[in-house]
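Enquirer: In order, the protein sequences belong to chains A, B and C. Here my numbering is used: the first residue of the first sequence is 1, the next is one more, and so on. Here my numbering is used: the first residue of the second sequence is 1, the next is one more, and so on. Here my numbering is used: the first residue of the third sequence is 1, the next is one more, and so on.
Do not take every clue at face value.
Simulated crosslink set (DSS-like; lysine-lysine; CA at most 30 Å straight-line) [said to hold, decoys possible]: (1) C/LYS109 / B/LYS161; (2) B/LYS187 / C/LYS56; (3) B/LYS80 / A/LYS77; (4) C/LYS72 / B/LYS187; (5) B/LYS187 / C/LYS220; (6) A/LYS160 / A/LYS275; (7) A/LYS77 / B/LYS55; (8) A/LYS275 / B/LYS85.
These are computed hints drawn from the structure, not numbers from a lab. Every value quoted in this text rests on a predicted model; they were computed, and no experiment measured them.
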Amino acid sequence: MVLFSFLYITMSSSWNIIGGYGGFISIGHNVFFGIGAYFSGFIYARYGISPFYTAVFAGMIATFFGFGVGLITLRVKGPSFIISSIALLMIFRTLFDRWELVGGAHGITLPHNNLSVEWSKIPHYYALLVLMVLSILLSWYVRHSKFGLALRSISHDEIKSEVTGINIKIIKVTAYAISAYLIGAAGAIWGDYLTYVRPNIFFIILIAANMVLMCILGGKGTVTGPIIGTIVIIFFNEFILANFGASELNIFFTGLLMILTLLYFPDGIIGSLKKRKLLPGFLDWD
Amino acid sequence: MEFLQVIILGLCLGFVYALMVSGLTLIFGVMRIVNLAHPILIISGAFVSYWLFIKLGLDPILSVPAAALAVALLGVLLYKLIFEKNAAQQTYSEMTVLLTFGTAMVIDGLLAFLFHNTQRTTSPGYATDAIFIGDIFIPLAQLYSGIISLVIIIVLAVFLKYSEFGIAIRATSQNRTSAELVGVNVKFVCLISFAIGCALAGSAGALVSFVFSFFPSRHWEWIAILMSLVVLGGMGSLTGAVVGALVLSVISSLVGAFYSPAWSTMVFFLALFLILIIRPMGLFGVRTD
Amino acid sequence: MTSLLSIRNVTAGYGYGPDIVHDFSLSLNESEVKCIIGPNGAGKSTLLKAVAGILKPRSGEIIFEGENITGKEAYQIMRLGICFLPQERAIFPNLTVAENLRMCAYSIKDKELAESRIEAAFEMFPVLGERLKQIAGTMSGGQQQQLVYARAFTIKPKIILIDEPSLGLAPALVEQTFNHIKQIASSGIAVILVEQNAIKGLQTSGYGVVMDLGRLAFEKPANEVLQDQRLRELYLGKAIKK
Ligand SMILES: Nc1ncnc2c1ncn2[C@@H]1O[C@H](COP(=O)(O)OP(=O)(O)OP(=O)(O)O)[C@@H](O)[C@H]1O
Ligand SMILES: [Mg+2]
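Using the sequences and the hints, build the whole thing.
Expert: This is the structure we're talking about:
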């Protein structure tokens with residue numbers, strides 16, 4: 001569960017860069033998660049180089065893809081962008097389901113590490129901890145940099161931003177690519193943690209839905225929002241699993257929570273508290 | 001000959017896709033809501049037909065009205081609970097899309113919990129039959145569903161084109177304020193359009209139930225397929241969506257027949273990306289929002 | 001005598017923004033024509049929107065034929081008999097001319113009456129009759145303008161609110177438009193006209209109302225307003241001079 005929190009804080013903080021600050025809602029951001037996992041997993045299975053070394057490159061591959069894809073999909077905004085992000089996910093799902101080199105629908109099975117059982121997950125713990133800290137620092141940096149300012153002005157009004165001389169295309173695409181980096185690296189570590197990489201684990205929309213929900217529940221466009229949102233959702237999921245078991249109901253409740261949040265707390269926890277001036281100072285990093 | 005056959009099959013399926021997407025287009029046109037819950041509503045309609053078939057032996061073609069009505073009622077409920085507040089705004093907002101996304105998850109989770117994600121189809125007698133015209137062989141299931149979809153689409157088009165209320169729907173989707181100023185109750189138009197859109201989803205579901213196998217989570221795949229059709233058609237244009245559905249369905253059938261069935265759905269997703277590169281406003285669209 | 005429409009102390013604005021119209025009062029009698037003039041941004045359009053129900057007034061009330069219509073939906077107000085022709089031409093550009101006219105008659109329950117009104121509109125604007133199947137957005141500006149006024153004759157409201165009818169029109173069309181407005185007025189419909197072209201507007205009207213910064217500056221018979229010194233100051237001689 002702690003690992004899960006680290007993972008999802010990394011992912012939702014990264015998502016927040018393009019989705020929260022930039023206002024481009026992507027419901028397919030886990031393609032980068034999958035790309036990272038497949039890249040490192042493939043190298044591990046074939047050449048025996050551990051994902052802990054290749055995670056850095058997995059992130060770079062994800063960034064590279066993000067850049068290419070961003071150039072195409074970020075030309076549209078609003079509903080078309082959301083649709084294209086879902087389509088992107090479906091393309092990768094279909095592609096990896098059929099791609100025999102990486103095991104098709106069965107995916108890649110990775111060797112276990114040779115640590116004893118109680119120690120075997122410790123490396124993942126530290127690796128994800130590092131990624132999480134990096135993601136929060138990155139989010140904080142973007143929030144307070146000139147780049148982040150430009151990004152937020154784009155989310156307000158693209159045309160006006162363009163008039164003020166911001167190169168909106170570069171800014172958008174860069175933000176998209178940056179947000180892909182840590183997600184890709186996290187994918188590499190997570191694949192090693194699970195010891196297998198499969199399309200139906202990595203390329204499912206529920207992961208993307210969770211990233212979006214965590215940000216919105218916590219408060220999108222804030223630094224601490226995704227962290228708080230992730231923790232709440234993870235406890236919520238545990239609670240549902242413990243009480244109702246079936247994962248179908250998990251989907252149901254995740255959806256329900258999303259609807260209720262959007263209808264009644266569109267600013268999320270952090271945003272709502274801030275509006276009422278109730279936000280404790282140690283949570284206000286904006 | 002095989003070529004012609006594939007094209008005819010593609011057209012039949014194309015009409016079914018067109019019906020699936022028509023409700024989506026209508027709702028987008030009037031309310032500017034990209035309804036990601038549309039595919040799961042189609043699957044809900046398929047379940048209605050499925051149970052009517054299993055329990056009462058009712059032919060899925062005959063259960064089209066029942067499925068349409070059931071899903072329309074569900075739609076009205078959803079509208080009242082979730083979308084009414086947002087119906088008032090003329091412009092689209094991201095939050096509304098996420099609301100429909102959440103709705104899709106809720107229905108998906110519920111259906112999967114109740115009925116599990118097993119593949120189902122209704123199998124009326126004709127589901128396995130086919131007719132031959134010369135060398136061309138056409139499965140009856142595809143033929144019937146294609147024809148009925150076509151009929152429903154024509155009825156819809158005539159309704160929108162000639163009836164007073166249909167014109168009001170089109171007027172509202174062009175300019176909400178102007179419509180109000182000539183005395184159109186825009187909120188009522190929104191409600192009815194939403195219900196009609198859902199009824200279309202339900203009726204498509206009944207037809208889909210014997211053409212494709214369905215299970216609750218399948219709607220994610222259909223979301224991407226249907227959305228690619230909406231974007232191709234230029235967001236909110238019914239003609240565009242229908243033509244888009246026919247074209248892509250035929251191409252996808254050709255890919256399926258001459259290359260590999262596994263890649264046929266890829267056609268839709270790739271088409272979406274191509275369109276975004278070449279013409280972000282859609283092949284038939286002029287709107288820029 | 002109670003007036004047909006009375007606007008009482010209305011304050012209005014957009015969203016969370018400041019008040020645009022402040023504490024504004026005005027009344028209109030049957031078959032009366034009043035022209036509101038004032039500099040850009042004075043809040044004239046905002047006032048009309050508040051009366052038509054597109055914008056809900058923040059305070060004050062609007063009484064029409066003895067009934068309080070404040071806060072009613074725009075379509076309800078329209079059905080009661082107040083027709084609003086907004087600044088931007090409110091036709092449906094992608095519908096055909098015939099469909100546009102059918103939409104104008106949408107609120108008339110008696111379909112025979114609606115038909116006969118549409119017929120009458122064709123007689124008045126023969127150009128439209130020739131172009132029934134044309135998509136309205138592809139007609140020339142003047143023809144579209146005729147479509148807008150055909151609406152007024154189809155609906156036959158009790159009051160018509162017209163926002164800047166001459167905006168962006170060629171001089172010949174301005175002439176044509178004001179003829180339509182005179183026709184409307186002479187058929188007994190009361191009119192509130194908002195117009196930048198103060199001379200033309202005031203010549204068409206019985207009363208002139210001058211609005212500035214969201215407030216009523218003064219109200220007088222139209223010909224007196226034309227002579228008024230304060231108006232010259234307000235416009236710095238812009239429209240009034242010649
Ligand atoms: N939709 C809107 N949202 C927010 N503010 C608006 C809106 N429309 C107008 N305003 C503001 O209201 C003020 C008054 O505008 P209004 O259109 O009523 O003026 P007007 O008197 O009609 O001017 P004009 O002669 O230019 O038409 C302006 O400052 C304008 O910026
Ligand atoms: Mg104005």
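Enquirer: All hints are to be evaluated individually against the structure, with a verdict given for each.
Expert: Cross-check of the supplied hints:
no. : hint                : in the structure
1   : C/LYS109 / B/LYS161 : holds, 20 Å
2   : B/LYS187 / C/LYS56  : holds, 16 Å
3   : B/LYS80 / A/LYS77   : holds, 28 Å
4   : C/LYS72 / B/LYS187  : holds, 13 Å
5   : B/LYS187 / C/LYS220 : violated, 41 Å
6   : A/LYS160 / A/LYS275 : holds, 26 Å
7   : A/LYS77 / B/LYS55   : violated, 46 Å
8   : A/LYS275 / B/LYS85  : holds, 22 Å
The structure fails hints 5 and 7 (numbered hints given earlier, in ascending order).
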